[in-house]
Amino acid sequence: MNTKVGRFQLFTTDHRRIAVRYLVLGLVAVVIGTLLSLVMRIHRVWPAVAFPFYGTLRPEDYLAVVTMHGTLMVFFVLTVVPQSAFPNLVLPGQIGAEQMAFPRLNAAAFWVTTASLVVLLAAFFAPQGAPISGWTSYPPLSAIAAAGPGQGTGMDLWLWSIALFCLAAIASSTNLLVTIVACRCRGMSWGRLPLTVWSWLVSSALTVLAFSVLLAAAALLLADRHLGTSYFLPSGEVVNGLVMRSGKGSPMLWLHLFWFFGHPEVYISILPGMGLASSLLANFTRRPVPGYRLMVGATILIGVLGLGVWGHHIFVSGMNPYAGTAFGLTTLAIAVPSSAEVLTWIGMLFRGRLQPTTPMLFALGFLSFFIAGGLTGPILAQPALDSYLHNTFFVVAHFHLVMAMAGVFSVFAGIYYWYPLLTGRRMNERLGQVHFWVSLVAAYGTFFPMHLAGLAGEPRHYAQLSGPVASFANLIPVERGITFSALLLATAQIVFLINVAWSARRGSPAGENPWRATTLEWSPFPHPIARGQAYSYGGSAERDFSPQWQETGAGPVFEGLKKAPSPSD
Amino acid sequence: MNWLPPNGELHGITMDAMLRWNLAAVFWMFILAQILLVVALLRRKPATDKRTKASSRRAFLFAWLLPLLAISGLYARMAISSRRLWAARREAPASSRPVEVEVTGVQFQWYFRYPGADGIFGTTRAALVNAPAGNPLGLDPRDPHSRDDIVSSLLVLPVEQTVEIRLHSRDVIHGFFIPGMRLKQDAIPGMTAQVRFTPVVTGEYPILCSQVCGLGHARMQAHLRVVSQREYRDWLAVREHARLAAESPGPGESQP
Amino acid sequence: MPATFTRHQAETERKDPGFGGKPPLDRRPTGGGGGDDNWDSRPSGRRGPRELLIRYRLGVFSGLAGDFVFFAVLVSAFFVRQTAGHIDASENYVSDWHPLSVPPILWINTAILLLSSVTMETARRQLFHEIDIMEEWLGLGRPAVRRAAPWLIATILLGCLFLAGQWIAWQQLAQQGLFFSTNPNSHFFYLVTGTHGFHLLLGLGALLFALIAMFRLKRVEMRQIAIDCTAWYWHAMGLFWIFIFALLTIQ
Ligand code: HEA
Ligand code: HEA
Ligand code: CUA
Ligand SMILES: [Cu+2]
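Protein chains in written order, with this note's numbering: chain P, 132 to 700; chain Z, 146 to 401; chain H, 337 to 587.
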């Protein structure tokens, strides 16, 4: 199936071209985000280093870099790529639709996302620089321009960027939801959907709800900043020696609203990866996903429970201690379906012969990081322990392993796996293996030692490792190791970029179905009909799989047709 | 290898034990899972694929359901043990008369206020805040209760006595973090958070800020000095004296 | 007065309630039985007129779910803000929350908005009136559109009336000396009525668009979609208003 990306059209409504654009957008964001992370790492161990075109960092510059790094990575990389780029690339294919439900809305969402990125990056050039209040932007720091450099124009740009991003995310997810519900092809009953599609269904529903909350919160914060309201501002504020206007709002409101968005957001960024991992594990062990229904149920359960755990980010904020206990319980409860999925994946590995192709390796890497980072989740979920670990590097280690690395590895898996759909060629295996192993080792080298820094009590957002009283000088060897490892990690990505560019012209031709996959995006026919389960592998010796578009020899082929979606009833 | 800073708090002992136990449990699960991944990757023999229904059901039970139940049990145990510690630290009512200290976070400093001889904190007003003039908290000189209040930028506490912290912030959110006391609580403007702890080992402990609060966040630090009961009384007395001596020229002053 | 709710005999026979719950005769006459006239077995996107309608409806519902959450957040901000008082030095509970008595004109506005929902629904149903739609379908004329247009225009007028009423309410408050920044409650009043008003403005735009679209769109199903989706949006705004109004009056 060869659908190369052809002539450039500015406002194309073709979902594949939009997918490529989202990928480019994500790439721009990830390159900037990675450079920023290297700036942080270098500044932490060699504070006196002068950066080209800039010079040495002031403390506020460091905070601005952290904020922009987090914002770029969370929103423009790990939301855009798994939740917008990949579904545009393959979702219609996987459910046998020719197009998205609303192609024009889709294109508009892309351009709004681009505008949002531009507005965000403009914050770097704002009079006092980018905002410094972190990707969580807690008020009053984020509500009062006088509270710090970058909290004036920079913060405004940040808020507008986020508001635009929310609109785009809601539009794009609405599109996905409707596509999945109403545009499936003949025979594609709910029970035959690939697990990736189930993940996108759940994460899109989460997106519509969570991003609406963020949008409202951003609107209220903008009102506080410019219209004189005081939803987040308490009375008696004294900032920079000035008594601020007296309101009796509460910053707690923002904390709740932000995390009501923030927690579902982290699942939005990982659920597609989880679905992809299930698919790849099935494909490269040539065995069906065991307990398909259980997996679907776990995905839905994670989505639903994910709406009720936000309080675990604010155990020590002065929330009622009983509420802390309750949120701790719901958080530990949500770890159960995640663990169930992990156990299924591990079980899958032992059911067939594993084919260590690059996409499979990255799926294994995803698994490895998801376990490594996920397991510290239940520790953080205990208020009694979190009241020590909160906002230390232990948390940074947790979310870089489970979100950054697991998420990025699932993105890599997807790119290696679906690359032939875009170019008709495969990516180079040997470069892919090098990329995988170096990234794996360097990522552990970067983020594992952060746990130790966290246990030693080192807080986040510290520009220097030494302060007036407490110094983390004894951590410097560890920090230095982390920095070297991060440099190696970033360098390894060059191999990936070279591979992407090189393979587009020189990669080995992929043929119709290079991975011998079963799901419909690989179907050679334009209007496929789903005739079987999503993952049917391991039939007979000579035909070890039956693609969804092919009639299987055994069983009533049209059994599923009765359950075909019929949007007209 | 002991990465945790020395602990000096009563419940900190339990917390350390719990944390170590948790880390160990999770670490071995991590190792086990990674070994399984590596084994799966290196394994060359295909698994026998033709299984009977019954044996696959048994396999499901042993390879999936039992481990899941075990893991859920682990989470339940975590929930229970942490619940106990949390209740002891945060929900229990104050036992005897605790030492009361009011802590105020300001960009980028911590101020500690002791109620003085009368045991009552005087009123403060935002409009009176004037750090250069020695009134960083805006003590109201007209309130007799604030006459004897002591404001310090060093936190001195007696050993083996429960301390009740009233935590404020005057501008943005700060995080009151004493690693050595295993204590962390956000200071949110407009709210008063009450936390309690009991130092049991004398010594010096750093106090940090754990919520990003602006450009000086990393240097918003202070000292906690845990001293014997006698030293504590002496320290207070000296302060009290100085405070009253300074009272005569004009109220509302204190030394940092 | 068009015979809105009189049903044709054929409708009664098909047990079609006539409000769009069922498709218009979905099957284009294939003339002689041959050919694949089962829409369901066609690829998605070609399953007949009702397919698109359902798609758009789902889209509107999803967007409205998000919008509902948006308003819910504003309301929760209201509750948080309302209960935020503090105990002052002399142990008195002080709150800067001064309950605001809503201008009585809001009652009239509410009635107008409800009425506009009724007219909107009537307009919508015209486009699902089986017999008329069949005629449009066959290209014999536009009876459904002609019947719906007056109702739609009525809705637009009522919508404008509502917005004008809201404006008057703001004026009245301003005359009482209650401006946006007078106190937190007036903040909230202006913010939430303003946001809602903005939504209605968008709705009016959609209504105008639907009115023009009805006459200009070539495909019957697109005309149905234009009216149907606007109607759901309009109803939802009515519903949101009732919540908001209840909140403002009860507080
Ligand atoms: C997706 C999320 C993500 C990712 C990938 C990363 C990647 C990295 N992060 Fe980031 N980080 C965050 C999310 C992320 N981070 C967040 C949310 C914060 C908190 C911010 C805050 O507090 O406000 C944070 C904070 C943070 C800190 C804490 C700063 C502090 O509080 O003092 C540090 C310090 O070392 C750090 C380092 C790094 C490093 C070295 C990497 C390196 O791993 C970078 C190497 C990069 C890669 C391996 C990715 C390459 C990927 C591709 C090339 C694929 C692209 C392909 C296409 C899109 C087509 N990060
Ligand atoms: C993709 C992103 C992602 C994911 C999936 C998770 C998953 C989880 N997270 Fe994480 N989290 C973040 C992203 C994520 N988190 C981010 C970004 C932050 C910080 C935000 C900020 O402050 O800036 C954060 C912070 C955070 C906190 C707050 C810490 C603090 O600030 O003090 C807490 C507390 O409860 C928490 C808990 C959990 C839990 C319980 C899970 C669970 O869902 C984890 C479930 C997984 C498992 C439990 C692993 C199961 C594996 C096994 C059981 C293996 C066993 C197998 C064998 C032995 C064979 N997370
Ligand atoms: Cu105060 Cu950080
Ligand atoms: Cu969370």
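If you are wondering where the hints come from, they were derived from the structure by calculation, not from laboratory data.
Any given hint could be a false lead.
Covered stretches of chain Z, going by a simulated chain P footprint (3 or more residues, C-beta under 8 Å) [as the list claims (entries may be wrong)]:
#1 153-164
#2 260-268
#3 348-357
#4 366-375
#5 378-390
Each pair of labels, with its calculated beta carbon distance range [unchecked claim]:
#6 P:F142 / Z:V184: 44 to 54 Å
#7 Z:R188 / P:R424: 24 to 34 Å
#8 P:A454 / H:A582: 21 to 31 Å
#9 Z:A390 / H:I586: 19 to 29 Å
#10 P:Y453 / H:A500: 45 to 55 Å
#11 P:V600 / Z:E376: 11 to 21 Å
#12 P:G186 / H:A582: 38 to 48 Å
#13 P:I625 / Z:L206: 42 to 52 Å
#14 Z:A387 / P:N451: 53 to 63 Å
#15 P:V600 / Z:A390: 27 to 37 Å
#16 P:L619 / Z:R229: 40 to 50 Å
#17 P:G642 / Z:R189: 36 to 46 Å
#18 Z:A170 / P:L619: 40 to 50 Å
#19 P:G186 / Z:I265: 48 to 58 Å
Which residues of chain P face chain Z? A few of them, derived with a C-beta cut under 8 Å, are [as the list claims (entries may be wrong)]:
#20 P183
#21 G186
#22 P280
#23 G283
#24 I431
#25 L432
#26 I477
#27 P509
#28 I510
#29 A604
#30 I607
Ideal Cβ placement from N, Cα and C applies to all residues, glycine included.
Against the structure, the hints:
no., hint, result
1, 153-164, "holds (count 3)"
2, 260-268, "violated (count 0)"
3, 348-357, "holds (count 7)"
4, 366-375, "holds (count 3)"
5, 378-390, "violated (count 0)"
6, P:F142 / Z:V184: 44 to 54 Å, "holds (51 Å)"
7, Z:R188 / P:R424: 24 to 34 Å, "holds (28 Å)"
8, P:A454 / H:A582: 21 to 31 Å, "holds (28 Å)"
9, Z:A390 / H:I586: 19 to 29 Å, "violated (59 Å)"
10, P:Y453 / H:A500: 45 to 55 Å, "holds (49 Å)"
11, P:V600 / Z:E376: 11 to 21 Å, "holds (20 Å)"
12, P:G186 / H:A582: 38 to 48 Å, "violated (58 Å)"
13, P:I625 / Z:L206: 42 to 52 Å, "holds (47 Å)"
14, Z:A387 / P:N451: 53 to 63 Å, "violated (40 Å)"
15, P:V600 / Z:A390: 27 to 37 Å, "holds (29 Å)"
16, P:L619 / Z:R229: 40 to 50 Å, "holds (44 Å)"
17, P:G642 / Z:R189: 36 to 46 Å, "violated (26 Å)"
18, Z:A170 / P:L619: 40 to 50 Å, "violated (31 Å)"
19, P:G186 / Z:I265: 48 to 58 Å, "holds (52 Å)"
20, P183, "violated (23 Å)"
21, G186, "violated (16 Å)"
22, P280, "holds (6 Å)"
23, G283, "violated (13 Å)"
24, I431, "violated (17 Å)"
25, L432, "violated (13 Å)"
26, I477, "holds (5 Å)"
27, P509, "holds (6 Å)"
28, I510, "holds (5 Å)"
29, A604, "violated (12 Å)"
30, I607, "violated (14 Å)"
When each numbered hint is compared with the structure, violations occur for hints 2, 5, 9, 12, 14, 17, 18, 20, 21, 23, 24, 25, 29, 30.
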